[in-house]
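Enquirer: Residue-level listing of the chains:
Number of protein chains: 2
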Amino acid sequence: MSHTAEIIAVGTELLLGNIVNTNARDISQALSAVGVNVFWHTVVGDNPQRLKEALTIARSRADILITTGGLGPTYDDLTKQTICEAFQKPLVLHEEIVEQLRVYFEKNVHMTMPENNIQQARLPEGCTVFDNPVGTAPGCAFESGGVHVLMLPGPPFEMLTMLRRCAVPYLRRLSSEVILSHDIMTFGLGESPMEQLLRGKMAGMENPTLATYAKPSEVRLRATAKAPTQAAAEALLSPVVAEISAFLGDVVYGVDVGSLEEVCFRLLKEREWTMATAESCTGGRIAQRITALPGASQVYRGGVVSYWTAVKAQVLGVPQTILDDSGAVSEAAARAMAEGARQVTGAEIAVSCTGVAGPDADERGVPVGIVYIGLATPEGTFCRACDFGKRRRDRIQDLSSNHAFDVLRRYLTGLPIAPKGLMGLRP
Amino acid sequence: MSHTAEIIAVGTELLLGNIVNTNARDISQALSAVGVNVFWHTVVGDNPQRLKEALTIARSRADILITTGGLGPTYDDLTKQTICEAFQKPLVLHEEIVEQLRVYFEKNVHMTMPENNIQQARLPEGCTVFDNPVGTAPGCAFESGGVHVLMLPGPPFEMLTMLRRCAVPYLRRLSSEVILSHDIMTFGLGESPMEQLLRGKMAGMENPTLATYAKPSEVRLRATAKAPTQAAAEALLSPVVAEISAFLGDVVYGVDVGSLEEVCFRLLKEREWTMATAESCTGGRIAQRITALPGASQVYRGGVVSYWTAVKAQVLGVPQTILDDSGAVSEAAARAMAEGARQVTGAEIAVSCTGVAGPDADERGVPVGIVYIGLATPEGTFCRACDFGKRRRDRIQDLSSNHAFDVLRRYLTGLPIAPKGLMGLRP
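Residue numbers (this note's numbering), protein chains in the order written: chain A, -1 to 425; chain B, -1 to 425.
No lab work stands behind these hints: they were computed from the structure. Some hints could be false.
Same chains, same label: a pair holds when it works inside one copy or across any pair of copies.
Under the rule of at most 25 Å between Cα atoms (straight-line distance), these lysine-lysine pairs were calculated in the DSS-like manner [as the list claims (entries may be wrong)]:
#: 1; residue 1: 105; residue 2: 388
#: 2; residue 1: 199; residue 2: 213
#: 3; residue 1: 105; residue 2: 50
#: 4; residue 1: 105; residue 2: 213
Here the structure is a predicted model, which means the values were calculated and not measured.
In isolation and in its complexed conformation, chain A is listed as follows (with noise of 0.2 Å):
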């Protein structure tokens, strides 16, 4: 039997829009690969009331209600007392979650437990306690008249690791179908010309279904197949898979891979080889992209962000009659650049961007959009040229960093660093 979910989040603050509903996605993804359909996200404020006809609505159209907020000890923590009536179930005094908070609170807030925590240990009887080693606020999950209504945590990193911890688990017992998906990530392809090109091949799919999925320049294609077990799902999605990859070639830079950047690091380790970072229009995003990896010091040594002119020619060794002849802002800019930050760091491999970010062009009069890309590397020095149009800042930044990324990711697996055609690239 499939089942069908209702996502609410109880919080004000999602209502006045101080914060946005991560939650909701994060539930979503769990779901889907549990094989569970969500059909409803709803968002209630602080509001018994309110919160009680969203979950009549609820138990009306789904039979999993996953609830979120609410269950910390202030006032306008409401959600597990308004269940609990809507429900008909009283809530039980449990002894050993009392013990528990208090040896959170001596062990991590280093205080004693406030006596109003203690409400926080009253759970529904009968219920299935979701543990949260993150926080003060526990889970749970109780079953009624066919519903099943699962309470987690507002705050996103507790509610992520009660997903995770206990309501995956518990929802994997319900279900009889497994879900399972595969992500083609690719780069330098539109969502527009990637779906033409697809077109025949996602027609008459459906299971496994194939699905596109847009960033600035990237196309996510999620292959997603349903069966009893997970050998089977994967064995409808294998081929599949190896199909759709080969055919769109080398624009696909990885299946089930995070990012570019994920892929670059792990290419670099295949090679022992170390990199480094020479930015202007970037502003330090590659650096930052690449050190947000656990482990990065095992590729990275370092980098320059040379944002004046003067410390690409100082710091970088950009030779003066490149910045004076043809700009900060050029091919021989941006590969000078690259070459300096190999040299300086020793690394074996160096990228680097120069462009105009805007919002206005550069004082030579180059306009806002051009972007260069230099890789330095044992055999020579390469560069990519980019024309990303009049677009705003971050974008041009996010762009900037995502090419560097992708040209690194050629050089390495001996791709050409610039094939004919990739979106934003100057003829």
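With chain A's structure known, arrange chain B on it following the hints.
Expert: Same frame as chain A, now just chain B:
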């Protein structure tokens, strides 16, 4: 009369968790600013039956319905048709929109408009048309039986543009009340101590109200007043904002400012100073945050991401004795890094950061969460030592860059670099 709104996002990709509903947040913020109460967010898939159900529920409990998504030309874009059925409004072809679409395609997409885009020019009879200058799907608004329905596109940038240009002015005309807010931005006090500190002041407040919103290491205090006019709301707010700001003292880094780095940017501009960065564990985050601001080159010269110890010595000139005796994660190293960055870039002031972001301790056994912020100035060099404890890598990197900007802000406003009791500070 006060209005009640429901925001309905249409899109299966939201229910699958592929994207997060930032539109609901952005619309909520805008509605709150024009005095419209948002009591519900709903997300429904690309399914006419369930969308119809959602509309039926929404119109029974709200008098402003705002939808996002489902206005495009493809088969799964169904919002307009379903709403027109639910509200019994015929769709009418707008010839002038057909013409606009043709021009948009020729100018921006460099192709002839596909024929199925014509249905984007069909809109509910008698509606107010919302132009879309940054995409193809126009939006619209109509009133039916006392309920206002506003349809906005799904892509966030298109939605946001139309929200500001068309939807907000439309809603302003419906409302008799002005809601005004000011944000008191603070750094260094957690949300709980902040609430305890302000409990006495917040207790009796009704208009304006005061609410706290926490980000890691920052708390935003939002003071909100309702009044018949902007001036009357401002008259209610100003004394409260002044009193709270004076009460909190130097943890307040600004009122209605976007971020710590924006404040630093403004302070540097006022002094006509430039800054530089030297980053280890933050890996480019400090540089990235300052260069995300338009016009960053007025105050930011550049910096070095000295991830490897050798880069600290060779590019920043950190003395080898410091690296050998105190280690790369030390107060002495932080000071020398800042001095080196100031030296090599020629900036008036330089901020540095070295620490252990994890997941593992450094090779000398310095534990995760220990971070030193250096600041080299014309008056000498300063340092703040932080202990963030064993947190997630990205949290430590974020906190570290926050503290770097706070150190800079405090120096530029003549405050002590490291006041006692600041969160995360080592004694």
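Enquirer: So, for every hint listed, does it hold in this structure?
Expert: Hint check results:
For the homomeric pair residue 105 and residue 388, the shortest alpha-carbon distance between copies (13 Å) is at most 25 Å, but the shortest distance inside one copy (53 Å) is not. Proximity of residue 199 and residue 213 under a CA criterion of 25 Å is satisfied intra-copy only: 22 Å inside one chain copy versus 45 Å between copies. Taking identical chains as interchangeable, the C-alpha atoms of residue 105 and residue 50 are never at most 25 Å apart, the minima being 37 Å within one chain and 51 Å between chains. In this homomeric assembly, residue 105 and residue 213 come within 25 Å of each other (Cα to Cα) only across copies, at 23 Å, whereas the closest approach inside a single copy is 42 Å.
Of the numbered hints given earlier, the model fails hint 3 alone.
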